[in-house]
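Visitor: These are the residues of each chain, in order.
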Amino acid sequence: MSESTVQSLSRGRTRALKNFLRQFLGHGGAQLGLLCLVLFLVMAAVPNILVGPLQTAINATGDFLASPSSQHLLGTDEVGRDVLNLVVHGARISLTIALLATVISLIVGTTVGMTAGYFGRWVDDWLMRLTDFFFVMPSFVLALVITPVVLEVMGRGGEILGFRPSLFVIIVVIGMTSWAFVARIVRSQTLSLRERTFIDRARVAGSSNLSIMVRHILPNLVPQIAANGALVVAGAIYVETSLSFLGLGDPLQPSWGTLLSLAQSAGAASAGAWWYLGAPGLCVLTVSLSFVLIGNALDDTFNPRRRVIP
Amino acid sequence: MPDTADFLRLEKLQVHFPIQGGLFDRVLGRPAGTVRAVDGIDLDVGRGEIVALVGESGSGKTTVGRVITKLAHPTGGRLLFEGHDMTSERGASALRPYRHRVQMIFQDAYQALNPRHTVFDIVAEPLRSLRLVKNDTQLAERVSEALASAGLNPPGDFFARFPHELSGGQRQRVVIAGALAVRPELIVADEPVSMLDVSIRSQILQVLVDLRDKHNMALLFITHDLPLAWLIADRIAVLYLGRLVEIGRADDITFNPRHPYTVALSNATPKVRVGVSHIDLPALEGEVPSAARIPKGCRFHPRCPMAIDRCRQEDPPAVEVGPQHMSACWRAGEVKARSELLGVARSSSVEPLERRLVSSLVKDRCRSSISAEAGVPDLPDPIRGP
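Chains as they are written, first to last, in my numbering: chain U, 1 to 310; chain Y, 311 to 696.
Okay, chain U solo, but in the shape it has when bound (with noise of 0.2 Å):
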């Protein structure tokens, strides 16, 4: 190809991604969802620079449940460790579960929807059974059942691909039981595209089913994938919220959810300590909201029918 043929087909790209930043940033909710969520992954990087190293009972600095002063912005915990400490150091634990499990999520059902919608019939059947088996599976019952199992095999103290054990069944079952409703929307979305005619025209070109796949369908299929995406994000950090809370976190490596366990079991709510059950819940609700904020704006920007709508 010559250079400028190459030049101009870099501009083309170019041009339309600048349009579509246009879009999704005039878009207040994708504004707002953005800053919280650039706060949080600053958080998530750099929690050493931003707060020192992680306090455990051993190096914990300040008093038993102190309410906020200036020492401690967020008071203290049970055992004297700084909550914003804890908070900030969750940051990371809880955005890089839920990220994980939502890359599983989205590739096992963006995979299974495609493929399902692409080929019909019996494959689709199979399929989409398979689908409603994982859709009705109740993530919470799945993760009770599969942690003290893999806990009892592994034991406490060994690793799984760079996790430790809770955590990489935590991020698992959130993965496997979050995929059904993106495969769902992806297969409903492939069976529209698969009957337009450029797919014909595909096929006449020569191109096999795989690059039919991978060259007309998931490049359609993208708005769809990153506006759910940013839902599935959200409902991870909610459900590994609520797992941790449940007991089933890794005390070693606190997630937000942990700390609210921690939080309910040191009697946080009777004792009045307010600030320790107040920070990790505030940051599980704010990172869940802008996950959803830049969902809906992304929905928005990739459907021009419904900016229409107000």
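Just so you know, these hints were derived from the structure itself, not from any lab. Possibly wrong hints are sitting among the right ones.
[As the list claims (entries may be wrong)] Below, in silico cross-link-like pairs of lysine to any residue (SDA-like), each with a Cα-Cα straight-line distance of 20 Å or less:
{"no.": "1", "chain 1": "Y", "residue 1": "322", "chain 2": "Y", "residue 2": "606"}
{"no.": "2", "chain 1": "Y", "residue 1": "322", "chain 2": "Y", "residue 2": "350"}
{"no.": "3", "chain 1": "Y", "residue 1": "444", "chain 2": "Y", "residue 2": "493"}
{"no.": "4", "chain 1": "U", "residue 1": "18", "chain 2": "Y", "residue 2": "427"}
{"no.": "5", "chain 1": "U", "residue 1": "18", "chain 2": "U", "residue 2": "220"}
{"no.": "6", "chain 1": "Y", "residue 1": "606", "chain 2": "Y", "residue 2": "620"}
{"no.": "7", "chain 1": "Y", "residue 1": "606", "chain 2": "Y", "residue 2": "619"}
{"no.": "8", "chain 1": "Y", "residue 1": "606", "chain 2": "Y", "residue 2": "350"}
{"no.": "9", "chain 1": "Y", "residue 1": "322", "chain 2": "Y", "residue 2": "383"}
{"no.": "10", "chain 1": "U", "residue 1": "18", "chain 2": "U", "residue 2": "227"}
{"no.": "11", "chain 1": "Y", "residue 1": "444", "chain 2": "Y", "residue 2": "411"}
{"no.": "12", "chain 1": "U", "residue 1": "18", "chain 2": "Y", "residue 2": "474"}
{"no.": "13", "chain 1": "U", "residue 1": "18", "chain 2": "U", "residue 2": "302"}
{"no.": "14", "chain 1": "U", "residue 1": "18", "chain 2": "Y", "residue 2": "472"}
{"no.": "15", "chain 1": "U", "residue 1": "18", "chain 2": "Y", "residue 2": "475"}
{"no.": "16", "chain 1": "Y", "residue 1": "322", "chain 2": "Y", "residue 2": "627"}
{"no.": "17", "chain 1": "U", "residue 1": "18", "chain 2": "Y", "residue 2": "426"}
{"no.": "18", "chain 1": "U", "residue 1": "18", "chain 2": "Y", "residue 2": "425"}
{"no.": "19", "chain 1": "Y", "residue 1": "322", "chain 2": "Y", "residue 2": "385"}
{"no.": "20", "chain 1": "Y", "residue 1": "524", "chain 2": "Y", "residue 2": "358"}
{"no.": "21", "chain 1": "U", "residue 1": "18", "chain 2": "Y", "residue 2": "471"}
On the provided structure of chain U, position chain Y as indicated by the hints.
Guide: Positioned in the frame of chain U, the structure of chain Y alone reads:
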């Protein structure tokens, strides 16, 4: 006349679609019936020949095109290409040599282009999939060449554009360029101009006719528009409810139809000059019956103004009514008598709207066919003046 032997041949081609019954019917094993979209069609297309397939919506003309391009699978009959039976070939890799030689132009250029691909990617797709180029330089050359022969100049300006940045005519040209890129020997064009403004139709038709002249490419031109078919085609095949009712040279079908349905079709065309009345048959009433319930006997009889008892009982076979001219009608001879009576009316009865608009193309046709036959003076060219 082009050589018709063994290029593309359809033998008793059938495409029946099963009707998906309700759960109740399926449980009881009750057959829900079939839609007989194409019901026994014999057709030859020669190398470098332009054949028009004409019929109303629901006549099965698009399905025939989809069978030839292997997008639909026949349930009966055979599809032969250069003597090779292509009926049951499936799978992208097995069909590659065939795809290289047979391409398709789609009706709706808005739908036929992937909104997320650039014009370059769209036109390059068959070249890449069929592995016809060795490197990117060659690819860019072939794409430029195809865009240029479809009339998009200079081709480089269009490479990076997305379909939504193009006008309707330009999109149709991109679709055509995509089909041309592989230098096929046969193109199935499914109503390539019906979605376009009348003003750009002639340009697109000219592109297609030029291709035949330059590269000896055969064209199966699917349309519902009889005058348009006459303009572009060497031969016209008229379809009704999945069956060929009449086939013959373009001039014969247009000026000397031997089937009441063809007559009705040409009557249904808007005329510019309404001086002399046209062939004396009342216009068609009603709609094409459902292909799931094809009438007994001749399938046209419920709407035919000339139907007799025999038509209600027996299906007429296609019989030769002239050189290269077949008609499937029990009363084909009488249709002829009626139209000859009105021979004088010919020149004015085929004065369709198109002919005034399709300038250069028409003038060749007019000179060779009508004016010579009926002695009509040369028509002034409406665009360039007399």
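Visitor: Each hint needs a verdict: does it hold in this structure or not?
Guide: Hints and how they fare:
1. 322(Y) x 606(Y): The given pair, whose Cα atoms are some 19 Å apart, holds under the 20 Å limit.
2. 322(Y) x 350(Y): 4 Å, holds
3. 444(Y) x 493(Y): The given pair, whose Cα atoms are some 16 Å apart, holds under the 20 Å limit.
4. 18(U) x 427(Y): Roughly 17 Å separates the two Cα atoms, so the pair holds.
5. 18(U) x 220(U): This hinted pair holds, its Cα atoms lying about 18 Å apart.
6. 606(Y) x 620(Y): With a Cα-Cα distance of about 11 Å, the restraint between residue 606(Y) and residue 620(Y) holds, given a limit of 20 Å.
7. 606(Y) x 619(Y): 12 Å, holds
8. 606(Y) x 350(Y): 15 Å, holds
9. 322(Y) x 383(Y): Holds: residue 322(Y) and residue 383(Y) sit about 14 Å apart, inside 20 Å.
10. 18(U) x 227(U): Given that 20 Å is the threshold and the Cα spacing comes to 18 Å, the pair holds.
11. 444(Y) x 411(Y): 19 Å, holds
12. 18(U) x 474(Y): Within the cut-off at roughly 16 Å; holds.
13. 18(U) x 302(U): Given that 20 Å is the threshold and the Cα spacing comes to 14 Å, the pair holds.
14. 18(U) x 472(Y): Roughly 15 Å separates the two Cα atoms, so the pair holds.
15. 18(U) x 475(Y): Measuring from Cα to Cα gives roughly 16 Å; hence the hint holds.
16. 322(Y) x 627(Y): Answer holds: residue 322(Y) to residue 627(Y) is near 13 Å, not above 20 Å.
17. 18(U) x 426(Y): Given that 20 Å is the threshold and the Cα spacing comes to 15 Å, the pair holds.
18. 18(U) x 425(Y): The hint holds at about 17 Å.
19. 322(Y) x 385(Y): 10 Å, holds
20. 524(Y) x 358(Y): Judged against 20 Å, a Cα distance of about 10 Å means the pair holds.
21. 18(U) x 471(Y): 15 Å, holds
The structure shown violates none of the earlier numbered hints.
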